[in-house]
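Chemist: Got chain W sorted already, so can you dock chain X with the ligands onto it with the hints?
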Amino acid sequence: MASRRKWTSFAVAMLVLAWLAYVPQFYGQSELVPWSEALYFSIAALGLNLLTGYNGQISIGHGAFFGVGAYTTAILMEHNAWQFLPTLPIVIAVALVVGAAFGFPALRLKGLYLALITLGIAALFPDLVNRFASKYGTAGTSLIQPPRVLAPEWASGFAEADDQYRYYMLLVVGVVMLILAANLVRGRFGRALVAVRDHEAAASTLGVNIARVKVGAFAISAAYAAVAGSLSVLVNGSANAGKIEVFRQSILFLVAVVIGGTATVAGPVIGAYVVVFGQDFAKDIFDDKPELAPAVFGVLLVVLMYVLPDGIVGGWRRLIARRSRSDGLPPLPSASPAH
Amino acid sequence: MRVALLEVRDVRVQFGGIVALDELSFDVDTHQVCALIGPNGAGKTTLFNCVSRVYTPTRGTIRFLERELTRMEPHEVASAGVARTFQNIALFPKLSVLENVMCGAHSQSSVGPIRAMLGLGTASEERRLRDQARSLLARLSLETYADRLAAGLPYGTLKRIEIARSLASAPRLLLLDEPAAGLTHGEVDELAATLRGLREEFDLTIVLVEHHMGMVMGISDHVVVLDLGRKIAEGTPAEIARNERVIAAYLGTEV
Ligand SMILES: Nc1ncnc2c1ncn2[C@@H]1O[C@H](COP(=O)(O)OP(=O)(O)O)[C@@H](O)[C@H]1O
Ligand SMILES: [Mg+2]
Chain W
1 MASRRKWTSF
11 AVAMLVLAWL
21 AYVPQFYGQS
31 ELVPWSEALY
41 FSIAALGLNL
51 LTGYNGQISI
61 GHGAFFGVGA
71 YTTAILMEHN
81 AWQFLPTLPI
91 VIAVALVVGA
101 AFGFPALRLK
111 GLYLALITLG
121 IAALFPDLVN
131 RFASKYGTAG
141 TSLIQPPRVL
151 APEWASGFAE
161 ADDQYRYYML
171 LVVGVVMLIL
181 AANLVRGRFG
191 RALVAVRDHE
201 AAASTLGVNI
211 ARVKVGAFAI
221 SAAYAAVAGS
231 LSVLVNGSAN
241 AGKIEVFRQS
251 ILFLVAVVIG
261 GTATVAGPVI
271 GAYVVVFGQD
281 FAKDIFDDKP
291 ELAPAVFGVL
301 LVVLMYVLPD
311 GIVGGWRRLI
321 ARRSRSDGLP
331 PLPSASPAH
Chain X
1 MRVALLEVRD
11 VRVQFGGIVA
21 LDELSFDVDT
31 HQVCALIGPN
41 GAGKTTLFNC
51 VSRVYTPTRG
61 TIRFLERELT
71 RMEPHEVASA
81 GVARTFQNIA
91 LFPKLSVLEN
101 VMCGAHSQSS
111 VGPIRAMLGL
121 GTASEERRLR
131 DQARSLLARL
141 SLETYADRLA
151 AGLPYGTLKR
161 IEIARSLASA
171 PRLLLLDEPA
181 AGLTHGEVDE
191 LAATLRGLRE
201 EFDLTIVLVE
211 HHMGMVMGIS
221 DHVVVLDLGR
231 KIAEGTPAEI
241 ARNERVIAAY
251 LGTEV
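Which chain is which? The protein sequence lines are W and X, in order. Each residue of the first sequence is one higher than the last, beginning at 1 in my numbering. Each residue of the second sequence is one higher than the last, beginning at 1 in my numbering.
Bound conformation, chain W alone (with noise of 0.2 Å):
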């Protein structure tokens, strides 16, 4: 029985693999940007749902560390020529450092006081970005636009416009992210994530260093967050802090999380295609009037929460239990968070 819901995720999972990698063929130039989007957007959640998710702490900040990632590729290209693959290791390096300095002071925090200093972070970024980006910036601005990434000849067979090469690399480095986070809830440390979450006192007394397990992740999921950002100036051409900008991503990353389905690895995946998709179907139904997509998207999301309470994946795995149920199946797990 479990070994068969293992086979059918998998291939659900390879169906839908296989689409996105059909996308940039299938839609022209224009149409591709929300798909690469969404695809950066899902490294983000899937880095915050470590913490959030799994972890129970909350962060309103994650918008900071997008941009920590967007801005450290964004300088390296522009002002010390380096191409964009080698930038990674270095964005996964310094968010690492930066999520964890983060992750000491908020030990001591919980709940809303962790959503409230973690939305400093996200107001206060932009500041500091000003101060110290803007000598790299155009025009004494924040605003840098590193050279484009372009398609290589050995990639003209399956990509020939530059847009669908930086696709494709999005893909790539997409899959790689939700495998090492699928391989890491999976283990004793997704355990102790969750422990730590459910219960400090009986995980610490199991031997759970609660300290290193709530830094780990906040400087886990800062790197995801941190990568995502580098791959936005792939899609964007340009890294940039708008105030308001910082602020919008980190609550839209917690609220793709939230959509999508907390602690399951699919959930935060699925949360940012229905982010990216539902502002853009926003748009789209008052098409006069641009001013009333945010209050569309915002009933949308109402709307989901309140018919799918615990997510997507959450709400399918209820549908799943109760079709076994009348099966006469003995009833499944209604949501285990590490599958």
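None of these hints come from the bench; they were simulated from the model. As the structure is a computational prediction, the values presented were derived from the model and not from experiment. Just so it is clear, CB atoms sit at the ideal spot from N, CA and C, and this is done for glycine as well. Check before you lean on any hint, since a few could be wrong.
As the list claims (entries may be wrong) - Which bits of chain X does chain W cover? Going by a derived footprint, with three or more residues having C-beta under 8 Å, they are:
#, stretch
1, 94-101
2, 105-113
3, 121-129
4, 176-190
Modeler: Just chain X with the ligands, lined up with the frame of chain W:
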């Protein structure tokens, strides 16, 4: 001179104005079942919390295998060989029963996040932990619950799952906080038999906090009686049953 496995010396715990433990000293010998009894609020759980380093005593020392527990970090206690259960069940409700027991073996494994992400040798390690957890569940007749979530099972079952989880760290010393609370008479007898068996099988030393006097008297080698944070008596179960102070302070008509 014989050295005790657990040595509690002059332990005092103060919460603001409340003195939860006062000048408490006693020894637990290897392979003993030592019962810690006393009315509610006597400080029994507080002592467990000191041993497992949830609290730090205001004064005094606790030595285990001649190591100073009071100087250890909370997460170091498990690998030192001490495991416990909680008075109010402290399982992880969103993990399966099997995963809960695998969590118990956290100190028995060392796979960190980087190795886990890259999947380096983790499959065989997970298999080892899973097999060990399964056999512990089987040992406590819990194998049918392995894939269920730990939330929503009957109270007595949850208590036994917690015992299974605590055994997963291969402890020398097991602290059980009211394991028989909420069990029926039949279940209490069964639990006592299980604990006796586990002690032999895993060469355990057990400190047992329990209100169920029948079980305490039947299973313990040594009894320590607390009242309002102070030790008022200790001795064999027979001695305790005869002790005037104990009868007055606590046992009343129960024995
Ligand atoms: N964290 C705490 N803060 C304040 N008082 C506490 C705390 N833990 C225990 N106490 C107090 O210490 C005393 C002993 O409690 P406890 O050890 O739980 O007793 P027992 O387990 O014997 O019933 C009680 O008066 C209790 O209220
Ligand atoms: Mg108690």
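Chemist: It remains to establish, for every hint, whether it holds in the given structure.
Modeler: How the hints compare with the structure:
With 4 residues bearing a CB less than 8 Å from a CB of chain W, the stretch 94-101 of chain X meets the requirement of three and the coverage assertion stands. Requiring three or more residues with a Cβ within less than 8 Å of a Cβ of chain W, the coverage given for the stretch 105-113 of chain X holds, as 6 such residues are present. Residues of the stretch 121-129 of chain X with a Cβ under 8 Å from some Cβ of chain W number 4, which satisfies the need for three, so the listed coverage holds. Taking a C-beta to C-beta cut-off of 8 Å, the stretch 176-190 of chain X contributes 0 residues in contact with chain W, too few for the three needed, and the coverage statement is violated.
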